[in-house]
Amino acid sequence: MRQHCTMNELLALREGEGTAWAREHLDGCSFCRRELELLHGRAAALRALPAIRPPRDRWSVVREQAVREQRGTRLRRAAWGALALAASVTLIVGVRALGPGGATGADGVQVATTPELSDLMARSRNLEAALQNYGTDGRVLSARTAGIIADLETGIAAVDAGINDARTRGTQNDLVDLWRSRVDLMDALVNAHVTRAAYVGF
Amino acid sequence: MTRATALGVAVLDDIAIERARTGDLGALERVYRAYEGLVYSLARRICRTEEDAEDVLQETFLEVCRSIRGFRGAGPGSLTAWVKRIAASKALMRIRRQKYRDADELPEDGAFAAQRTTDVGLQLDLEAALSRLSETSRSVVWLHDVEGYTHEDIAEMMGKTVSFSKSQLARAHTRLRGWLGGE
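First to last, the sequence lines map onto chains F and X. To convert, note that position 199 of the first sequence is 199 in the working numbering; the numbers rise steadily by one, no gaps. To convert, note that position 175 of the second sequence is 175 in the working numbering; the numbers rise steadily by one, no gaps.
The set of hints was computed from the structure by calculation and includes no laboratory data. Even glycine gets a Cβ: it sits at the ideal position worked out from N, Cα and C. Any given hint might turn out to be false.
Result set (EDC-like, lysine to aspartate or glutamate): computed pairs, CA atoms no more than 20 Å apart in a straight line [as the list claims (entries may be wrong)]: (1) X:K166 x F:E17; (2) X:K166 x F:D57; (3) X:K84 x X:E29; (4) X:K166 x X:D153; (5) X:K84 x F:E17; (6) X:K84 x X:E63.
Part of the chain X face toward chain F, derived, beta carbon under 7 Å [stated by the list, open to error]: (7) G37; (8) C65; (9) D145.
Required output: the full structure, derived from the provided sequences and hints.
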């Protein structure tokens, strides 16, 4: 026959549970009542242990990694967005090229102005120049960054093909849309190279 | 935008939490400053070494930075619970990975009175006694008795059963009782 409660039984009693035997035993056993008190006291003492401060500040490490991950996420989104944009522009230009033609140019509606187009072309040139400054050849790239850059370059190539086509047909509105897409893609590409350069310390 | 509680934990207001959700680094740093002590204390109680606890601190806040956008709780209380839950999971993951061999295994549910007699003379202070427990037992006693997690929560976090959590708690208290004596 058992004399006292086990620790499991004392813990169950502490939680307001416990078997009928344990509850009955507790009523008549001062030893087990004392052990239950000690159990409560021990838990209270554990809760009263002082907080411990970290010996070193880790925020700078956390911040650096968080910034890196945020940039990666933004680049991925930009790359996918740019690709979708390029694909839709290419599709529109292609459909128009296959259609009766000249509708946009022939209806006399001047949606875009020449200064807008000039501005977009100038921005694209500036981004090309910025890209040259990062010397994109021969640098180590992560697989993820390399994939993003390849996607962006594919998108730019598709837009360039559309620009050539639009020039041939003389459709001003298409040209503005295409140059705007090119600027967006170039911007994302420059950002990708800036980020990569920051990783490798260039 | 922050105020300190009686426990010294800075409490963030809803605006700061909302800014942190957008990925604002200034706001995220405030989340870090508000909870670094709480997270490190929890990690230090569970992990064996200071270095492990520091790694848990770092991993916890990286996870906070990654996931706070999806945090749907309202108010600082729920943010505290959320951060603590991440910290506990990271700490448990770390001890699971390391698989330190438990040096103080005890028989399942040994009769308390019998165990007590074998430990007479080992009178340690609570902090030292806690550090002598196996990481698993220490984790369970800390998460249950201090952080207030239920056995169901602990079982889920540890990938074990409820009865495992209960038996670990009993082991821990049996040991502590033996080492600490009548307190």
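Return the numbers of the hints above that this structure violates; sort them in rising order. Violated hints: 2 and 5; rest satisfied.
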